[in-house]
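The lines below spell out each chain.
2 protein chains.
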Amino acid sequence: MHGDMIIRITKYYRILHKLKSLGLERVFANNLGDAAGVNATVVRKDFSLLKIIGQKRGGYEIDNLIASLDKILGKDKPQEAIIVGCGRIGGALMRYRGFASDGIKIVAGLDINTHVCDEQECPIPIYPLEQLEEIVKKKNIQVAILTVPEQEASDLFRRLCEAGVRGFLNFTPIGLKASKDEEDKHIIIHNVNIALELEQIFYELNISDNHML
Amino acid sequence: MHGDMIIRITKYYRILHKLKSLGLERVFANNLGDAAGVNATVVRKDFSLLKIIGQKRGGYEIDNLIASLDKILGKDKPQEAIIVGCGRIGGALMRYRGFASDGIKIVAGLDINTHVCDEQECPIPIYPLEQLEEIVKKKNIQVAILTVPEQEASDLFRRLCEAGVRGFLNFTPIGLKASKDEEDKHIIIHNVNIALELEQIFYELNISDNHML
DNA sequence: TTTATTAAGTGAAACTGTTCACATTAACTA
DNA sequence: TAGTTAATGTGAACAGTTTCACTTAATAAA
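Chains as they are written, first to last, in our numbering: chain Y, 1 to 213; chain C, 1 to 213.
Take these hints with a grain of salt, some might be off.
Copies of one chain are not kept apart here, so a pair can be met inside one copy or by any two copies together.
The calculated lysine-lysine pairs, modelled on PhoX-like cross-linking and capped at a C-alpha distance of 25 Å, are [stated by the list, open to error]: (1) K75 / K137; (2) K11 / K177; (3) K20 / K177; (4) K105 / K137; (5) K138 / K77; (6) K20 / K45; (7) K18 / K177.
Simulated from the structure, these hints should not be mistaken for lab results.
Go ahead and model the full structure; you've got the sequences and the hints to work with.
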């Protein structure tokens with residue numbers, strides 16, 4: 001399970017859709033590699049691993065590729081998520097239009113205050129936090145975006161886990177960990193820590209400066 | 001420059017501050033590793049590489065450690081950034097209070113509409129986009145957060161580069177690349193692609209399901 | 001003191017991911 | 001049809017990280 005492969009696959013997927021919309025029918029590992037910023041061999045190795053075969057000298061058929069990646073990325077099933085915490089960032093994400101083009105649908109928001117989002121601007125319903133378990137089970141939610149204040153993060157994480165959510169996009173600075181008493185193996189957590197990203201940038205600039213002199 | 005080391009350092013840094021606020025004076029590689037989710041040997045290797053030395057049997061002195069990491073992370077210099085594009089996400093970030101505790105200060109916003117942010121809620125001034133170059137140079141800005149619509153991303157990125165910005169936190173789905181005609185080496189770009197993160201989560205859930213049966 | 005213990009420090013092994021080099025196959029060319 | 005070219009496919013070399021196993025130093029205990 002090569003770590004970065006997932007990221008590359010999603011990149012390939014986007015590039016392929018763009019190429020298709022341009023009218024192309026086949027693509028070479030070389031071009032795909034250039035567009036994704038990786039070596040052509042990496043592309044071939046990835047596809048080889050995924051049992052996707054191309055044609056010697058003819059490259060890969062874009063339609064076939066997209067169909068394969070659709071399946072690998074789970075695009076054949078509905079990709080639905082909820083947003084827990086509809087404050088500043090959560091609210092911004094509720095109004096974000098970019099998910100639809102990736103086949104992702106935000107089906108509900110959860111918040112203490114159910115009126116944080118004005119109806120016309122965002123047509124996604126917002127429910128009170130008490131209904132969390134009910135909503136998750138009724139709508140069979142697998143993925144949650146966690147955009148709540150820091151101090152509520154681990155509590156809500158636990159509740160969501162217990163309700164059956166298995167994928168988390170965590171915007172809180174808390175490092176969430178699946179507890180060992182549950183079968184922790186199948187909980188996927190991605191952390192987006194904006195302050196941490198900035199810190200890294202400052203660090204990298206700093207060492208790049210130091211190396212120069 | 002070991003890739004993930006930077007991320008680990010910032011994690012250590014946060015943990016150390018928490019431990020310090022709890023009154024601890026020394027810390028062992030083992031504990032730090034547990035908290036950061038890595039092996040104790042990794043911690044020691046990291047510190048060894050950074051010329052940070054501990055005491056055999058006594059662990060590391062937290063104050064010393066923090067002081068060292070302060071310098072390594074560039075916390076001895078002011079860490080200032082601007083937000084370019086004060087729409088939904090940019091606006092949310094302007095009102096985000098978490099930066100200050102990490103020593104990061106957002107000193108200005110740039111937007112077509114200079115009245116997107118109501119004064120009382122966010123005390124950071126917002127300037128029109130035309131003043132971008134002026135602001136960057138006057139305030140000697142090194143880092144910019146890019147939260148503009150997709151189609152304006154690469155144009156603004158270029159303008160920011162030319163004005164002297166060297167670090168970017170890019171929230172647009174565009175994959176920014178430093179052009180080769182400039183000395184591209186010293187431009188640091190971090191991409192935060194929320195839709196892509198979600199896609200990865202769905203993918204990982206998908207393969208985890210497939211592996212189970 | 002001497003002995004035992006604890007944790008840092010580090011060379012070497014093991015592992016992971018990337019790149020190279022080349023075999024393979026399909027299409028084009030003469 | 002034979003030869004050339006262009007691209008895939010993959011074993012092997014390589015590089016970078018992580019982990020292991022061991023040494024070293026400091027403290028505590030006997």
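Hint-by-hint comparison with the structure:
Taking identical chains as interchangeable, the C-alpha atoms of K75 and K137 lie at most 25 Å apart only when both belong to the same chain, with a minimum of 21 Å there against 46 Å between chains. Taking CA atoms no more than 25 Å apart as the test, K11 paired with K177 passes between copies only; the shortest distance there is 15 Å, against 27 Å inside one copy. Within a single copy, K20 and K177 get their C-alpha atoms only as close as 40 Å, which misses the 25 Å cut-off; across copies the closest is 22 Å, which meets it. When the C-alpha separation of K105 and K137 is checked against a cutoff of 25 Å, the pair qualifies only within one copy, where the shortest distance is 17 Å, while the shortest distance between copies is 42 Å.
In the homo-oligomer, the alpha carbons of K138 and K77 lie at most 25 Å apart inside one protomer (17 Å), although the nearest pairing across protomers, at 52 Å, exceeds that limit. Proximity of K20 to K45 under the C-alpha cut-off of 25 Å is restricted to the intra-copy arrangement: shortest distance 22 Å within a copy versus 47 Å between copies. For the homomeric pair K18 and K177, the shortest alpha-carbon distance between copies (18 Å) is at most 25 Å, but the shortest distance inside one copy (37 Å) is not.
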